[in-house]
Each structure stands twice: as C-alpha cells, then as structure tokens.
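*Asks:* Given chain A's structure and the hints, the job is docking chain B onto it.
2 protein chains.
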Amino acid sequence: MSTTQLDSKSYGQYNAKAYSAGSPTSPLAPTIIARRDPGEQDVRLEILFCGICHSDLHQVRNEWSVMPTVYPCIPGHEIIGRVTHVGSAVTKFKPGDIAAVGCLVDSDGSCPECHAGLEQFCPNMILTYNSPDVHLGGMTYGGYSESIVVKEHFVFSVPSNLDLAGAAPLLCAGITTYSPMRHWGVTKGKKVGVVGLGGLGHMAVKFAHALGAHTVVFTTSPNKKDDALSLGAEEVVLSHDADQMNKHASSFDFILDAVSAEHDVNAYVQLLSRDGNITLVGGVDKPHAVSAFGLLLKRRSISGSVIGSIVETQEMLDFCGKHNIAADVEVIPIQKVNEAYERLLKSNVKYRFSIDMKSLKSS
Amino acid sequence: MSTTQLDSKSYGQYNAKAYSAGSPTSPLAPTIIARRDPGEQDVRLEILFCGICHSDLHQVRNEWSVMPTVYPCIPGHEIIGRVTHVGSAVTKFKPGDIAAVGCLVDSDGSCPECHAGLEQFCPNMILTYNSPDVHLGGMTYGGYSESIVVKEHFVFSVPSNLDLAGAAPLLCAGITTYSPMRHWGVTKGKKVGVVGLGGLGHMAVKFAHALGAHTVVFTTSPNKKDDALSLGAEEVVLSHDADQMNKHASSFDFILDAVSAEHDVNAYVQLLSRDGNITLVGGVDKPHAVSAFGLLLKRRSISGSVIGSIVETQEMLDFCGKHNIAADVEVIPIQKVNEAYERLLKSNVKYRFSIDMKSLKSS
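As they're listed, the protein sequences go chains A and B. Residue numbers for the first sequence follow my numbering, beginning at 171 and rising by one. Residue numbers for the second sequence follow my numbering, beginning at 171 and rising by one.
Just chain A, same shape as in the assembly (with noise of 0.2 Å):
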C-alpha cells in the first residue's frame, strides 16, 4: 500500500489546527502546528475525540518538577480517531478505520525494556506530548489538535462497539487503572479498593467489578455513594470516618491509588492485608509520609505504575469491547477546555472530559 496523497504545505509537513498554551499561567487557545508527512510505518488520524487527563493540567502549567513543560505545550494524550493515510509498511490499519493513540507515540525499540515488551518503561520514549520530535525538532504536540501522525506500533485498534467519545479516555485513564490491576493478580475472589472517584478512579471501579472483584470504593464525599455503586462498586468507606475506615482493617489484597493530591496513604495502607499492595497511579509532587511500620508488620507493599506497554494496552481495549466498558464522559467542545480544566480542579466533572474536535473546525 503507497502512502497517500498529502495535503502538506510544503514537503515532509503539513500544518494542523490545535490548542496550545503558551505559559504556565496562559490559557489554551488556537494555533496552527506542524504535522510530519507520514513516514512508510505511519499513520495519519483524523483526531474525533480527546479525553482530557489530569497529567494534561499538570503538564500545561509545569506542575511536575520531573518532568518540566517546554512551550507551547499542545497537550492531550487519550486519542479517537479516523485513519485517513497509512504509509507503505502499514499492515493492520487501512484509511476509515477508527484507531486510537494513548500517552507513548514511539519508543527506542532495543532496549531490555522494549524487548520485554513494556515501552512504558523504554527510557528513550518518547511521549505523546512534551517529548523532543526527532521529526520536526521541538517538542511533540498532543491529540488537542485536528491530526495526528503516529507509527503504527505505537496506534491502537478500537472495538467497533464502544461509544467513540467514552472510548478516549481509555487511552491513559483505563490502561493506567488496568495494567497495576493486571501486574497484582486482581480476580474474582479479591477483595480490591480504589481511592478517589474521579476520572481514574471511576474506570478503575469498573475494571475490578468486571474482573470479578469484591470492590470498595473510598471517597471523601458522601454524595458519590450511589454513583460508585451503580459503577460497580459492592461498598463505599468514608475515609474521613475512622470506624468505617477501622472496620476494613487488614482485609484488602489491592488497593489502587488514583488520588493526585496530597493524601495521607498510610490511612491505607493499613487497610491492607499480610502480603497486600497499593498502587499510587495519581502523581503527587510532594513525597508521601508512609510508616515502615504499616508496612513492616505484614509484609505490605506500596508501589506505583504508569500506564501500561503496547500489548497491554491492545488488551484493555479488547477487554473493554468484551465488558462493553467506556468511561463516563461529558462531551465538550475545545472552545470549553479552560473552563473544563477549572472544573477538573474541583473534581467537577463526572467523570471525564472528551473533547469533540470537531468543534476546533470552527476555531
């Protein structure tokens, strides 16, 4: 198959619509970037839909000290889209197939990690945004934008059955809240917590419950009861309550962190039972206080993950198309991602941002 003709503006690059900030403190607004052409392993997507992640907000106002933001920043890492070219090499995507794009967009291929098959860990990968372009120069640029070229290794099949908008936030919010599940044994018999009832934390309800988990969620507001319980959860803990919190003492074998403020763990840690982990997928700045003890007496684990590898990630889809699970999303246009980041702020969304991009035509 020959790559397809371009609409580019002048060889090797196109130029794109998308949303950029220009500072820590700037809004995002419209620019034009450039795209590469397709190189014979690539895909061009035309971006449909693109969920909005918290990391998007970190990353624009260069919140995190380990990974600072160079400007502009075009953010956006949970990718919908339509194939509209394919380069040469291309095998599994063909134009007018729906494919999505997740946080990585290339890896160096040869390290232990990318042989093992965990990209995720590559420590020359490059990421979706804020990672140099080898392409273009600068920086890469995120799926707030019209298009997106990406090499195939690194784009994803979407199950013909989910909801195309819900389907987005898979892209970091269901592969970071599946793959720790996956990496700790999460099953039917288990009993499994999650923290925080937000974007991650609600597909992380769901992916428990689907995998046959006795799930508690833990919240801080009474209000989110009936909404975690009709998302799957058996039980929802006050956390603030201590004789809610003290009556589950010991007695979890998983607990999935998806808290990104400061919080204090060793609440939970506590929770766990002999041999039990929490995982901290929320990247939180400031260190965490945890007690050896908490961890001492019964041989507890805390760890993190981010994301998950290429396979994996394939799988979460498939898995989300066999359980017909999406993320619960409130569609926006991208003329509203200022106000959305201010309402992600106060939790105000349930439970995630998907921006239609066709909106950013009009822009």
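Errors might be hidden in some of the hints.
Since the list can't tell identical chains apart, any single copy or any two copies may satisfy a pair.
[What the hints assert, rightly or not] Below, a list of computed lysine to any residue pairs in the SDA-like style, where the Cα atoms sit at most 25 Å apart: (1) 395 x 381; (2) 417 x 279; (3) 456 x 437; (4) 456 x 410; (5) 360 x 293; (6) 417 x 432; (7) 358 x 286; (8) 360 x 445; (9) 456 x 440; (10) 417 x 293; (11) 321 x 184; (12) 417 x 391; (13) 360 x 381; (14) 516 x 503; (15) 456 x 431; (16) 520 x 242.
In short, the hints are calculated from the structure, not lab data.
*Replies:* Same frame as chain A, now just chain B:
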C-alpha cells in the same frame, strides 16, 4: 518421655536469674523472674548465649509508639541454649541438645496466617518478650535470663558446626534479612544492595553473597569498605557521594534497607530497576518521605518485612549450617549490657553483641 524433674520453687513455676529494665530510663539490672514448669509440649533451655538486638534497646527505652513497653522488661530474642527438660509430648528435642529460640514463643495456631505457616503474621502471636504471658500472667520475659520455657513448635535445632555465640544473632538479625531475600527472589544473577552495615546489614551481605547475588553495600563510613568486601560484598558505595550513587541508578533488583535511623529512602528507590523492590527491615518510628514518581516511573515497590516463619527460620539455620554462616560477634558478660547499649547507639560493634549467659550465674 516424661517431664524431667524441675527445680521449681513453687508448684508450676520456678525462679530464674535475669536482667531487667524497670523504666525507659533505668539501666538493666539483676533481678529474679518466674518461669513456668514445662508443660507436655514445652522445652526448657539453659540459655548459653543471647544476642543483643537493636529492638531490645528500642523496647527497653519504650521508643516504639506502636508497641508500648510494659515494665519490668526483660529483653532478648536471639537465644541459644542447651535443652535441660522436655515435656512428655516433645519429639524433636531431648536434654543435652543445643537449640534456639527467636522472636516468637507462641501463636494461635488456628488463624489463616498460622495455617499458611506464617506465624510471624498471626494476630495473636506471642513475642518472646513484652507480650502477654498466658501461663503466668504479666508479660513474657526474654533471653537475658538463665533459662526459658518454650513450646516445642517455636524451638529450633542448631546445626552442630556453628559457633554458638555467633549463632545467637541468626534468630533475629539472621531471619530478618534472610526472609525478605527469599521472598523477593534473591538468587544468582541478581544485583542486590544492602543499606547499612550493622547487625542486620552484615548478615544480609553474607546471605546475599551465599545466595549467589552480586552484592553491593551502601554505607556512610569509608572505613567499612574493607570489612564489607571481606563479608562478601562485590562493591561498596558511599551513600552520601552522589556520583557513586548515580552510577548505580535503576540497576538493582532488590535492596534490603537495614537502617533503623531516619534516612532518605528515595535515594535508594532511584537505584532500583523496573519492578525492583526495596524492603525495609528497620523499625523507624518517624514516617519515611516517599516520592510517588520514584515508584511510578519504573513500577518499583517499597515493602516491609518482619522476621520470618518458624519453618523458614529452621530453613535459614540449616542454610547457615551448610554455608557455615554465623554472625560476627563480640562476646560480652551480662554485666556489660548497659555499656553495650551505649556502644550500639554509636554503631560501635562488629557486628553484634552476644551475651555469654554463664556470666549471669555470678551476678
């Protein structure tokens, strides 16, 4: 076999010389304690050597908020002795045998942990000292004593080739370091770090080396380098030298952190490879500051471990017999125990004190 005649001062119990602390600020001093007559499942040992564990000092001075001390406190849980009397149902031991007792003297035998053969996690386990004594009332009394009476299940056989003074610390320092190495899969081909070259750390080096791992010692003391190498380490890293530390970034499969003073755990987390684990065995009361990103980006984990099971402790002693491993000890009379505590606080011992308990006869 019938119970041997006991020198009990009153029915059901007898008196024994011991050293006890009367308050958090009192020195240890001679006293007389009651021991029970052996029941049919019990073994009575004349104590030959008792190691001095850092836990003894913490407990005597009531420094652990999670385990408050009841006074008088008679510490000691690294006990080597000669069997003098056995109950009628005892099958593994006979008078004259050399045997050992560690940190546990009983557990409920009926909980899931006991059924799993993991008595160290039994919620009703009885510690060798400072636990409720169900036989005589009051609290259990440890090994700074002439003799002890313990249920057979919690008494170990000691390989005949081991030096008895050096074998005593195996019962806590030994199993505490051996158990997590076995649990986290330390074998030939793994790169293993040991933080802190004290009582626990020097045992960890011996075990990691004997298990075939490439063993690296982290220390703040340049003058410990030669000792670390002679104990079996392949490399020694000065932990306050950032360049030396950075050379080992993301390279360790497992690190055993044996430091029981406040220190920066994140510095070692950064040295773990993907899926690497650092296990804390030091009981530091103040919480550790743990960076979430350090865990997230390589799926690393921090865990704790506490002693080991009864089966595993016997396995460890047998491993020590096979590899001729014992602690490096300075043998002292019981009369020097308070001085030894002060030296322990300054890490002024290579690497463990072992009390020659025959000294108690003259006190």
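*Asks:* None of the hints should be skipped; say for each whether it holds.
*Replies:* Hints, verified against the model:
1. 395 x 381: Within one copy only: 21 Å inside a chain, 51 Å across chains, cut-off 25 Å.
2. 417 x 279: between (48 Å within a copy, 24 Å between copies)
3. 456 x 437: both (17 Å within a copy, 15 Å between copies)
4. 456 x 410: For residue 456 and residue 410, the Cα distance is within 25 Å both inside one copy (21 Å) and across copies (22 Å).
5. 360 x 293: between (34 Å within a copy, 21 Å between copies)
6. 417 x 432: within (24 Å within a copy, 31 Å between copies)
7. 358 x 286: between (27 Å within a copy, 21 Å between copies)
8. 360 x 445: This pair counts as both: shortest intra-copy Cα distance 13 Å, inter-copy 22 Å.
9. 456 x 440: both (21 Å within a copy, 16 Å between copies)
10. 417 x 293: Between copies only: 15 Å across, 43 Å inside.
11. 321 x 184: Only inside one copy: residue 321 and residue 184 sit 17 Å apart there, 80 Å across copies, limit 25 Å.
12. 417 x 391: Close inside one copy (19 Å), not across copies (46 Å); limit 25 Å.
13. 360 x 381: Close inside one copy (10 Å), not across copies (33 Å); limit 25 Å.
14. 516 x 503: Within one copy only: 20 Å inside, 65 Å across.
15. 456 x 431: both (9 Å within a copy, 22 Å between copies)
16. 520 x 242: Close neither inside one copy (29 Å) nor across copies (59 Å); limit 25 Å.
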